[in-house]
Amino acid sequence: DAKTTQPPSMDCAEGRAANLPCNHSTISGNEYVYWYRQIHSQGPQYIIHGLKNNETNEMASLIITEDRKSSTLILPHATLRDTAVYYCIVRALRNAGNNRKLIWGLGTSLAVNP
Amino acid sequence: DGGITQSPKYLFRKEGQNVTLSCEQNLNHDAMYWYRQDPGQGLRLIYYSQIVNDFQKGDIAEGYSVSREKKESFPLTVTSAQKNPTAFYLCASSTTSGGRDTQYFGPGTRLTVL
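Residue numbers (the numbering used here), protein chains in the order written: chain A, 1 to 114; chain B, 1 to 114.
Derived from the structure by calculation, the hints contain no laboratory data.
Keep in mind that the hints are not guaranteed to be accurate.
[As the list claims (entries may be wrong)] One-sided and incomplete, this derived list gives chain A residues near chain B with beta-carbon spacing under 8 Å: (1) Pro8; (2) Cys12; (3) Tyr46; (4) Ile47; (5) His49; (6) Asn53; (7) Trp104.
The beta-carbon is built from N, C-alpha and C at its ideal position, and this holds for glycine as well.
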């Protein structure tokens, strides 16, 4: 699975859009981009995933560049409850063999300020 | 409610004692996973199971054991052989049908070995 690079921390004002970048320059054609977040001392929460088209759900939007080497997670109107560590992960939807793990980096710690 | 439950939320044990962490899901998912998270770090895979009565070692399986006798349950035993067992333990499950493989996480168990 390809490796991802994220900034260690970001700040955002409450009510504004939070744009979290992720670089995945070694992504291969069959790998999806997944985003999870983890609020302190809780289990990670799935947010969204995509392959090459932009995706939107009730939580966020995912913008993937045309060359698929980077992506941005957008929280359109950040609230204090969006303060969390956000993880960007790339993986094939069906890995070869039995390896189904997600490779977790350190993520981006997003602080939403009042 | 559908979801993944882990119990207990906090667990304290004396050094040298085995301890079993519970993970139950009612999502009808085939695959289940155990991760370990240390402070300020990403998640690392301990064991995973894609089907009942079958499981595979992850990256850090030494000192741990699992069983998968029922689809709904995937208990993790932390044995006395685990050198540094104090950590936050997370269980996850996913379905592999229809090409979807999103992992959903439980609330976690924080184990402290005294």
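Here is how each hint holds up against the structure:
1. Taken as an interface hint, proline 8/A does not check out: its beta carbon lies about 10 Å from the nearest beta carbon of chain B, beyond 8 Å.
2. Restraint check, cysteine 12/A versus chain B: the minimum CB separation of about 21 Å is more than 8 Å; hint violated.
3. At its closest, the beta carbon of tyrosine 46/A sits 5 Å from a beta carbon of chain B; the interface hint therefore holds under the 8 Å criterion.
4. A distance limit of 8 Å between C-beta atoms decides the matter here; for isoleucine 47/A the minimum to chain B is near 10 Å, and the interface restraint is violated.
5. Checking histidine 49/A against chain B: minimum C-beta separation of about 7 Å stays under 8 Å; hint holds.
6. Restraint check, asparagine 53/A versus chain B: the minimum CB separation of about 16 Å is more than 8 Å; hint violated.
7. Taking 8 Å as the C-beta contact cut-off toward chain B, the hint placing tryptophan 104/A at the interface holds, the least distance being around 3 Å.
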